[in-house]
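Sequence lines, in order, name chains A and B. So the first sequence is residues 7 to 292, counted in the working numbering. So the second sequence is residues 7 to 282, counted in the working numbering.
Errors might be hidden in some of the hints.
Sample of chain A residues at the chain B side, in silico, Cβ under 10 Å [what the hints assert, rightly or not]:
no. : residue
1   : I71
2   : I105
3   : N134
With a straight-line Cα cutoff of 30 Å, these simulated DSSO-like cross-link-like pairs (lysine-lysine) come out [claimed, not checked]:
no. : chain 1 : residue 1 : chain 2 : residue 2
4   : B       : K12       : A       : K201
5   : A       : K101      : B       : K270
6   : B       : K12       : A       : K101
7   : B       : K16       : A       : K201
8   : B       : K10       : A       : K201
Quick caveat, the hints were computed from the structure, so don't treat them as lab data. All C-beta atoms in this analysis are idealised placements derived from N, C-alpha and C, irrespective of residue type, glycine included.
Letter by letter, the chains look like this.
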Amino acid sequence: MNSTLSRLLQAPSVILLLIWMIVPLSMTIYFSTQRFNMLYPERSGFVGLQNYEFFWTDPSLWPAIINTLLLVGSVLVITVVLGLTISVLIDRPFKGRGIARVLLISPFFIMPTVSALIWKNMLMDPNNGLFAFLATVLGAEPIQWLQDIPLLSIIIMVSWQWTPFAVLIFMTSLQSQDREQMEAAELDGAGFWSKFFNLTLPHLARPISIVILIQMIFHLAIFAEIFVTTSGGPGVQSTNLTYLIYVQALQGFDVGVASAGGVFAIILANIVALFLIRAIGKTLTV
Amino acid sequence: MTDKQKNILKDNTAIIFGWFFAFLFFFPIFWMVLTGFKTEGQAISIPPLLFFEPTLENYTEINSRTDYFHFAINSLITSIGGTLLALLIAIPSAYSMAFNTGRWTKDVLMWMLSTKMLPAVGVLMPIYLIAQKTGLLDNVIALIIIYAMINLPIVMLILFNYFREIPKEILEASRMDGASTFSEIRQIVLPLAWGGIASTALLSVILCWNEAFWSIVLTTTDAATLTSLVASFQAPEGLFWAKVSAVSTLACGPIVVFGWLAQKQLVQGLTFGAVK
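Okay, chain A solo, but in the shape it has when bound (with noise of 0.2 Å):
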């Protein structure tokens, strides 16, 4: 295959990924400096740096970005521990492995917005919910989850979908531990902590690493569970950045803030996707 022809096999997905990047991303950065709001069409013009100082200054900026920042840390430290804690665990052949293991991942195939209305309704609801049933059992005052807890209920909900994806991964690059290792260890008397601190964990580095950062990225973009569960309330005690974003753009119809929270999400986006793209490209033998 000739050079010509290999740059004209190449050149479509460059190019079609190249207009799909640089035009919405530069008429963003357009808008963000105009008066563009859909109900007023006829107030327009250059504005400056007025809607960053606007979008800046709303009192619900920091709550949602610390929603933001306590959604995805509290997320990826759940994740990986009990994700690390059940693929050890469950890393020997037994009976029905198989099964458990296609029940264990199950949840991480479920739309989000189903996810949502599962627990939303049939878990959560604090009057006919499952959870206020076995309060109740216990003696227990049922819990308001999304009216008095609304973060922490995102949080457990979203981590039942992607501790399986964590268990995936980690299962899978467990396969591929050598066992002639393991054995020797166990053979010099270390321990089951001596050996996954000396052997696992490093083993799993690599995987970790890319679990943490993949999920980064999800978990930035957090937005089905809100809609669907809390719609953000109670006040803005679930809102996160994106959810934040949404409200400004197709509630208010302000795409001149909405689009310099949109900068802001990409530039956040981007530190993060900064560190993931060496991760992976160091892993990416060419």
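Position chain B relative to chain A; hints supplied.
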């Protein structure tokens, strides 16, 4: 403790914890499926019912109440359309990158991946306004294009990994026999890479099917997919748990099965080939 006892203990630990966690994580799904076979009264009853006379009413009436098939067809069209479009663009490119790897190939692939990091909300307004201007708001074509573009980087990278595993010698031999590039692709590469392409497609379909942000934002009725349909049940009025559960079960069932089948490819695809 002897070694044998130790082993038995470990086996028991694995089986107990394995099934405990499997049950714990699968329970909400099990509960949803179960609720789908209840009447509305049974669905909200306290104490919750584990044993009851199952009804198929929610399923037989599913279409009359929610127009389920309209949304299901939209989900099918957008998932398959987005996947096919992504494959159409990616197969020639990934092929050429894998067999004609250049100095920049790795950088190009990494750059492609980096476009995946562009948060949807960062380009929400432009995409929305472009769709509005071009009449593609609430139109499946808009979703097909967006799904193809957001999955293109992942599809490229997995295909690239698959194509690279094809031994180059086979191609060289066929080239000596005077085969053109396109007959080379058709007769040698595609048959060998077929499994890889199929599983890449499966992964892409799963991702498209479960996509919620663009579907909720860009569609209202005509092009709304199952994710939007389910999202519309968020309204507090009316507790139709049984019906919602039936709809949800139908909406998630096929994808969960797909996910079971594509576990290995999913690991590769979602970690961009870094974990195999």
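Here is how each hint holds up against the structure:
The beta carbon of I71(A) comes no nearer than 14 Å to any beta carbon in chain B, farther than 10 Å, and the hint placing it at the interface is violated. Interface restraint check for I105(A): the shortest CB-CB distance to chain B comes to about 8 Å, inside 10 Å, so the restraint holds. A distance limit of 10 Å between C-beta atoms decides the matter here; for N134(A) the minimum to chain B is near 4 Å, and the interface restraint holds. With a CA separation close to 15 Å, the supplied pair K12(B) and K201(A) stays within the 30 Å bound.
About 21 Å separates the Cα atoms of K101(A) and K270(B), which keeps this hinted pair within 30 Å; it holds. For a cut-off of 30 Å, the pair hint linking K12(B) to K101(A) stands: about 18 Å separates their Cα positions. Between K16(B) and K201(A) the alpha-carbon distance is near 15 Å, which keeps this suggested pair within the 30 Å criterion. Between K10(B) and K201(A) the CA atoms are separated by roughly 19 Å; this keeps the pair inside 30 Å, and the hint holds.
Violation of the numbered hints given earlier is confined to hint 1; every other hint is satisfied by the structure.
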